[in-house]
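Protein chains in written order, with my numbering: chain E, -1 to 399; chain Y, 45 to 315.
A hint or two may mislead.
[As the list claims (entries may be wrong)] DSS-like, lysine-lysine: derived pairs with alpha carbons at most 30 Å apart:
(1) E/169 - Y/289
(2) E/253 - E/365
(3) Y/259 - Y/307
(4) Y/74 - E/169
(5) Y/209 - E/40
(6) E/104 - E/155
(7) Y/157 - E/322
(8) Y/208 - E/108
(9) E/108 - Y/209
(10) E/227 - E/253
(11) E/71 - E/227
(12) Y/283 - Y/307
(13) E/108 - Y/238
(14) E/368 - E/253
(15) E/271 - Y/74
(16) E/169 - E/322
(17) Y/307 - Y/131
(18) E/169 - Y/283
If you are wondering where the hints come from, they were derived from the structure by calculation, not from laboratory data.
Predicted, not measured: the structure shown is a model, and the values here were computed from it.
Each chain, written out:
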Amino acid sequence: MSVNFDQMPDESGHFGPYGGRFVSETLVYALDQLTSLYERLKDDPEFQAQIDYDLAHYVGRPSPLYFAERWTKKIGGAQLYLKREDLNHTGAHKINSAIGQALLAKYTGKKRIIAETGAGQHGVATATVAARLGLECHIFMGEEDIRRQSLNVYRMKLLGAIVVPVTSGSKTLKDALNEALRDWVSNVDDTFYIIGTCCGPHPYPEIVRNFQSVMGREARQQSLVQTGKLPDALVACVGGGSNAIGLFHPFLNDKSVAMYGVEAGGFGVASGKHAAPLNDGVPGVLHGNRTYLMEDENGQIIETHSISAGLDYPGVGPEHSWLKDLGRVNYVTVNDDEAMAAFYTLTQIEGIIPALETSHAIAYAEKLAKTMDSDQTIIINLSGRGDKDILTVAEIDGISL
Amino acid sequence: MNRINKCFESLSQKNKKALISYVVLGDPAKDVTLPVMHALVDSGSDIIEIGVPFSDPTAEGPVIQRAHERALENGSSLDEALILVKKFRETDVNTPVILMGYTNPIERMGYEKFIERMVVSGVDGVLTVDLPPEEAEVFNEQLRASNIENIFLLAPTSSQIRQKKVTNMAGGFVYYVSLNGVTGAANLDVDSVKDHVSSIRALTKLPICVGFGIKDGVTARAVADVSDGVVVGSAIVNKIADLAKLGELDPLIYAETVSVIIKDIRDALDK
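Isolated chain E (complex conformation) (with noise of 0.2 Å):
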């Protein structure tokens, strides 16, 4: 079968049986008004053109994609290429998507937007686009999140957005999402929500993708200039998906090019205590969209672990489900000492510091290259700058700062 992966999703919004729109009443409206402003200016040549210069001069892109020769021989095999969004304003991919959804919140003329966020790069990345629009900001985070990620959470505070504790649940990202939905349907007149990731009801899946799939059309024409050819793989970390969608999509009609997504093993799939629903999960319906999901035997969804909070999360964006089941993409897990391993020795070795969840996309790169030859190239997305995990390393470490 073949599959024209530009076309999809589909008009309701599905990848195959995934993705969709599973919501209350309420929120339809909503996303019927966003969807069709989306549709009017996404290939409106002035809404494109104030994307690209805000990309350019306020991200800072394009993000180089960086050979990591030392790496690489240490590795032995494969080439080893890093897509340095660490290098983006505040750090991380999110940024891409927070920049594009801001602009769509300034066209509905909503003054108040909302996110949830577990790492806090995307928290931080919504507070740094509503303050530079000046639009009011409330930021989701789990309770549990906000204590580990504390220094995400001073710095939305910085600029100026309200960080409100969640404490229901597993007090951990999949609940400020529940909780940032409760809000949307409780202001939904003048609220705008920004989700960081390629899950939620259609068209949130389409849009994010869409606006993160920057770094897949740079990653590919560099690609093409810096060494000749299109690359044989490329590797990135899924949470929710929405670095490893935006650097794959580009390529999925590229059929020489292998996509490894590496799902958070935490203490071993086998453990249970883990965050890859792709690996070990059931398709299931939470959060406005159909996709496969961490749940019990009664449907009930259940808590997952991850080292990194980011990819802490039951679920995963629709089309990455999709992508799953056609085979066009391989999902893949790392667990959480594999995940630190790779983040000292690129921090040792190249001098990038790696967030958490990107370490996931390193450790498997490393497993993948040795079984490549050295005329071979990998991309790995290098999603997010480490700083914000900092404490938590030095804590695995008993190091107290």
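Start from chain E and add chain Y according to the hints.
Relative to the frame of chain E, chain Y by itself:
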């Protein structure tokens, strides 16, 4: 004829408004819900709505969220909701029962199996908060074939096109959500409810009941004046939460307490 339709027909003949009472299955303990259901009926409820607990109830305010959490702590599930209704039917064959919940537990059980089991248990209607008409087409047909009503929400934000689409698919009654918000919110605007109900009324013959924000006899009466009935949820669940704080209690204490609220609302509706 489905019990829900019969119930509204009989209410309309008596010129009475419907009182629909909501409790969460297994809140706060598994043995509480059955006596509470009977008490709700005895004190004047026309229809019972059983909230099926879900780990991520995004449409609920804090009161009902906590109820879902209490119920999940004791392992309550969709499976037990079906068992509960079957038990309820052993002594009550007339009162309509609706299951209100979220899509994922149904998806997990399987839509067809869920419907089969509802038929066996004597469930009359289902309201799935996060399953709008666009995602419910097949399910809806299967429900219709089994004589189970699929109840849909309409909100203040629903456009007229939307109202038409939803009422076309809806069965039993239309559940109008009185405000933009989660369950248990306080800002009820009766004039706005009146306008929306009359606009929906022009599109459908189904009865229109109003929920979210009905907390006592006064609010119930005001809303019932402009609609066919009211749904009371958080006000009941709130009382249950207060009792749950006292530790393990005889289920009959829960039953007596909810009766007091329902009698008050029934009196206000019948005045």
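Against the structure, the hints come out as follows:
For a cut-off of 30 Å, the pair hint linking residue 169 of chain E to residue 289 of chain Y stands: about 22 Å separates their Cα positions. Restraint check: the Cα-Cα separation between residue 253 of chain E and residue 365 of chain E comes to about 22 Å, which is no more than 30 Å; the hinted pair holds. At roughly 13 Å between alpha-carbon atoms, residue 259 of chain Y and residue 307 of chain Y fall within 30 Å of each other, so this suggested pair holds. A hinted pair counts as satisfied when its Cα atoms are at most 30 Å apart, and residue 74 of chain Y with residue 169 of chain E qualifies at roughly 26 Å.
Taking the CA atoms of residue 209 of chain Y and residue 40 of chain E, the gap is about 28 Å. The hint holds against a cut of 30 Å. Under the criterion of a C-alpha separation no larger than 30 Å, the hint pairing residue 104 of chain E with residue 155 of chain E is consistent with the structure, at around 22 Å. The straight-line distance between the Cα atoms of residue 157 of chain Y and residue 322 of chain E is roughly 27 Å, inside the 30 Å bound, and the hint therefore holds. With a C-alpha separation of about 28 Å, the suggested pairing of residue 208 of chain Y with residue 108 of chain E holds against the 30 Å cut-off.
Only pairs whose Cα atoms come within 30 Å are accepted, and residue 108 of chain E paired with residue 209 of chain Y is accepted, the gap being roughly 27 Å. About 13 Å separates the Cα atoms of residue 227 of chain E and residue 253 of chain E, which keeps this hinted pair within 30 Å; it holds. With a CA separation close to 21 Å, the supplied pair residue 71 of chain E and residue 227 of chain E stays within the 30 Å bound. Distance hint between residue 283 of chain Y and residue 307 of chain Y is fulfilled; the C-alpha atoms sit about 14 Å from each other, no more than 30 Å.
The straight-line distance between the Cα atoms of residue 108 of chain E and residue 238 of chain Y is roughly 27 Å, inside the 30 Å bound, and the hint therefore holds. Restraint check: the Cα-Cα separation between residue 368 of chain E and residue 253 of chain E comes to about 22 Å, which is no more than 30 Å; the hinted pair holds. For the suggested pair residue 271 of chain E and residue 74 of chain Y, the alpha carbons sit about 29 Å apart, so the restraint of at most 30 Å is met. Of the pairs offered as hints, the one joining residue 169 of chain E and residue 322 of chain E holds, with about 29 Å between alpha carbons and a cut-off of 30 Å not exceeded.
For the proposed pair residue 307 of chain Y and residue 131 of chain Y, the alpha carbon gap of about 24 Å is at most 30 Å, so the pair holds. For the hint linking residue 169 of chain E to residue 283 of chain Y, the alpha-carbon distance of about 26 Å falls within 30 Å, and the restraint holds.
Taken one by one, the earlier hints all hold for this structure without exception.
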